[in-house]
Amino acid sequence: MNLSKDSISNFILKNATYLIFAAVLLYFGLQSAHFLSVESLGNIVKQGAFVGIAAIGMTFVLLIAGIDLSVGSVIYLAPLVAGLVMQNTGIPPVLGLFVALAMGLLLGALNALLIVKLRIIPFIVTLATLFFFRGFGVWLTDSVPFDFEPSFLAFGSASVLAIPLPIWALAFVTAVAHFILAYTGFGRQIYAVGNNPEGARKAGLSVEWIQARCYIICSGCAAVAGYIWIAQIGRLDAGFGQGKEFDVIAAAVLGGVSLFGGSGAAIGAVIGALLIQTVTTGLSFTGVNLYAQPIVQGIIIFFAVFVDGVRGKRVAALLKRTIRPLNSTS
Amino acid sequence: MTAILEFKQLSKAWFGVPAVSDFTLSIAAGALLGFIGQNGAGKSTLMNMVGGIVMPTSGDMIWRGQSFKPANPAEARKAGIGFIHQELNLFSNLSIAENLYIDGFPRKRGMIDWSGMNQRTASLLKRLALDVDPSLQVGRLSPGERQLVEIAKALHNEANLIIFDEPTTSLTPREVSRLFETIESLRKGATTIIYISHILGDVRKLSDQVVVMRDGRLVDSGMTADFSIKRMIGSMIGRELAGMYPPRSMPPGTETMLEIENLSQPGVIEAISLRAHKGEVVGLFGLLGAGRSELARIIFGIDPHSAGTITFNGKILKGGPRERIAQGMAFVTENRREEGLMLDQSIEENLALASIEKFGAAVTGMVDEGRLSQRAQQLSHELQLKAANIHLQSAKSLSGGNQQKVVIGKWKMNEPQLFILDEPTRGVDVGAKYEIYSLIDRMAASGGTVLLISSELEEVMGMADRIVVMNRGEVVGEVSRKDFDEAKILAMAFREV
Amino acid sequence: MATAQPKKTLTGRITEILLSDYFVLYLSVAYVAVLAPFIPTLLAPENFVNILSNTWPLLIVAIGQTFVLAIAGIDLSQGAVIGLTSVVGAMLIAVGGNPVVLGGAPLWGIFLTEQGGLLNGLTLAVPLGILMMVLTAALIGALNGYAVAVIGMPAFMTTLVTMLIIGALAIYLPLSYNIEQLPESFIKLGKGDLISLYFGAKGESQIPRKIIYSFITYPMVLSLSVAFFAHVLLNRTVFGRQVLAIGANRKAAEISGIPVRRIIILVFMISAVCAALASVLYSARLGSGRPTLGAGTFLLDIIGAAVIGGTSLFGGKAKIKWTFFGVIFFVLLSNSLNYMNLTAFQVDMVKGVVIAGAAFLDVWRTRLLRELT
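Line order of the protein sequences matches chains A, B and C. Numbering-wise (this note's numbering), the first sequence opens with residue 1 and increments by one. Numbering-wise (this note's numbering), the second sequence opens with residue 1001 and increments by one. Numbering-wise (this note's numbering), the third sequence opens with residue 2001 and increments by one.
Honestly, the hints are just simulated from the structure, not real lab data. Any given hint could be a false lead.
What the hints assert, rightly or not - Below are the DSS-like pairs computed for lysine-lysine, each with C-alpha atoms no more than 30 Å apart in a straight line:
| # | chain 1 | residue 1 | chain 2 | residue 2 |
| --- | --- | --- | --- | --- |
| 1 | B | Lys1278 | B | Lys1315 |
| 2 | B | Lys1386 | C | Lys2319 |
| 3 | A | Lys202 | B | Lys1126 |
| 4 | B | Lys1230 | B | Lys1482 |
| 5 | C | Lys2319 | B | Lys1396 |
| 6 | A | Lys202 | B | Lys1108 |
| 7 | C | Lys2319 | B | Lys1358 |
| 8 | A | Lys117 | B | Lys1078 |
| 9 | B | Lys1126 | B | Lys1205 |
| 10 | B | Lys1008 | B | Lys1078 |
| 11 | C | Lys2251 | B | Lys1396 |
| 12 | A | Lys202 | B | Lys1069 |
| 13 | C | Lys2321 | B | Lys1358 |
| 14 | C | Lys2251 | A | Lys313 |
| 15 | C | Lys2251 | B | Lys1318 |
| 16 | A | Lys117 | B | Lys1396 |
| 17 | C | Lys2319 | A | Lys117 |
| 18 | B | Lys1396 | A | Lys202 |
| 19 | B | Lys1396 | B | Lys1358 |
| 20 | B | Lys1386 | C | Lys2251 |
| 21 | C | Lys2251 | C | Lys2321 |
| 22 | B | Lys1126 | B | Lys1078 |
| 23 | C | Lys2251 | B | Lys1315 |
| 24 | B | Lys1126 | B | Lys1108 |
| 25 | C | Lys2251 | A | Lys117 |
| 26 | B | Lys1358 | C | Lys2251 |
| 27 | A | Lys313 | A | Lys14 |
So here's chain A without its partners, still in its complex pose (with noise of 0.2 Å):
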């Protein structure tokens, strides 16, 4: 192999999640093995799952080059709004995740219609929705925290095959979203539109419903994740799960989905939530003052969304038109 300037740094590009994770989990095992034990590593899967299963509906989002700022709120709001279902109708909290995911679904689709149909921005959009949706939510509540059943509880701290909730939420989600995107032709056509919109058109594939289609999803996903969570803890409060919307878009693109869409896979997502949670984890493990681990955090995802500019840039040149042939004097 010729280990050219360029290769080495190409390598880096690619690799660069990869290479932070290993040097992140080598720093803290070396301050500590304990922190490399199998218990403290699950706990770190544990904690991790709820940003990972977010990042992974904002995958599909940022596949087709958009973004969606509202999740923090949506990951409030829609298990709420489940919560208030569960309390009036006594339906078990298996059945209310259900009640959140639907209401996650239809946040989406209100993003969705105001992107799609209405074509504003979708930074500006989901901002708009970001506030509006917690606003709901506290004057559903009166700014009161809402308190589950003891039964939710019970729900989120199940276990099964000694494995946490969480975790196998994770798996679920992975698996699913993994399927989606690598094996169905709707998967498929979410990279179409994101590396070529006009392409997909001309193709004859319906651009915008596709597009929908992925800020539902991303809804869904955060709704789900917030349940998750909120099971964990029990009390909801107006402050649950705000500028979450960070850390979970810090997630995919640390995980090498990339901003100007087409390219990124669920489980690079999953991968980046878990680097995340791991420096989180370890930040406070090590003692790191807890004022200074949100500029560590901070450091990281600048970090990764220049290695993502850097890339793109990379990309538009390789693709660029030429009208002789490259490597040939003739």
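Fit chains B and C to the given chain A structure using the hints.
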């Protein structure tokens, strides 16, 4: 043999300007037609009507015995027409097989039948002698291989007619010969083929019949065996343009203004050397894809070059457009809407775009609105802009010709010494054309140098003192005004000398 | 087509109002006219003073945002810059420090001690402190601009991430505590009046403080000066023309020799510096350096005010005048919502709807303009 496609008095006009007029032709099933003609002869418009990209203004198409008017590309594809554009239409992030099946994946027990899909793609690729894995990402293929994937797409859609529009531009010689083998085998499989190319030798080698277009009309056709290259070129020239050119008022000078030596950029241009003098209009002629615009962009510092030098007024140029402009260069690009104008802004603001710094006060940077307005007004008069109020009216509201004059005026504010004009009369009506030609003459007469890039040979011959001919990113010849000869220059551009 | 005629003039008139420079001003007046009967306090002099005092700092921030919008960018990090510069200014000019509160903070001992901030004691402490706030902001703006112009990162993502980092840094430095004990001369910048109004009966020997209404204040003078300067800069100078040209057509601007990268960097610097100037006013009004100043939903006010004024998210169309009216509308909106017994979240909800509406209006106006010509 029965006709697969018939054109009956098919016409297309853009805002009253005809692009294709009264085109009548019958294409036999299984034929391999070579389509030739100069740039703007109407080949692309005609094919776009077949491909469902452009709707005809009048006339009919008969496809396999039935009237045919595809409303969009998908409809034409379903009818059995494969169109391989110069700009490939592939999804670089998907696999070859997925690109073929993107609008409808095969299913088996509710799931995508991946193995069937890959197998069928593999067999298609085998037919095209492309030895790659169907699950390979298209982004990792060479331009030639991507071209073959487009053909595979057409085959997959069971196209009965495949249109190739300049398929060889970015291919290596090996890829070209593979493409020709493929076309040969397609023909044996009874697929009808329309092959559009500027490489006349290829057309002669491949086709059974030749169709020559000029000014949107069919001017000559016949069996390829009867078509010498000389006849091809002879039929293409002699366009009846309302070609009126102002007489040149001054002879060119001898002092060198621009000197280009061995300029190269991989995939774009190769070892270009060129010289232009004060007071001279140098025409840069070539067919589409010859690399003229690309060369202009490199000279102006927009795109990079890997080797060679550009010397201007004795100085070797460095930096980007900003530095070149400071040295006295100007560049009217070929697409004025995307790169020339601020459509929503006023005419005056557009005129001021390149020279605004000259109207700023030294320390405060305040624009001297009075002086700017006065200069813009004066220029608008000089350019004979047809605008009611240059201060309020947006550039968008102007006609094509007047928009172009605004772009030229933007540069004239700087009083440049070298004017690079890329297709300055494209989309411009006859009257405005003449005015632009007069402007070109005045630029040269006042001691400036003009590099005139045009696809219209008559235009270059009418205005230039000297014509430099390009082909595939190389300079292939140079002709002085006294030796101008349409057939000779065109032959050079086709590399058929 | 006799029936179509009046209809056409009606839509024509609506179009005219929509596209007018003063559209948002009309909207504000209409808004007040509708609400005044229900909320009488809205028009009371003390509320008027309140509205004005909220207008000035927001105006400065929104002006900075206007420049970024003009190049078809966006700056989400302004709020965080306000917080960080508030901390930076306070830790440098404080006249004393409380070790009980701030003793453990990272800035303690380096920038701030019991003897006050690093600059405390110097005659020019306050101007120097403000200068440092401005320089800090300029540096952040330059980083944003570099990432957007040179590396090609999307503006909204870049500034979202810097917002995260800068905001976190602002909180980390004082460990989320406010920095108190700012010098009087600094506090006066936020509260001081130059001219006050008194509407009460004359002839009383002592006028109660309550009924003196501040009219011309330092914030007013500062922010109107910034507005005037920005107006001249954007509409009358070479730089302003180049900014608008980049927003209108970046490619054409590049080919016409406009130093596009440099100007984009400068624009982000202007945006951040405006945030720092607003931070001076906010910090002075509070009398402390507060790390969470400008955090959270303040973003809505900035972008909402700029966009509803008529500055386009698609670039190339921006006027300081529009932003001024947009700010007035937004301050009126927030102010009236405060009288409606709503929670902070509900206020944000309304603002969210208004922003979406403003963005839609932008799409609509752009379309209308396209159809008109």
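Hint numbers contradicted by this structure:
none
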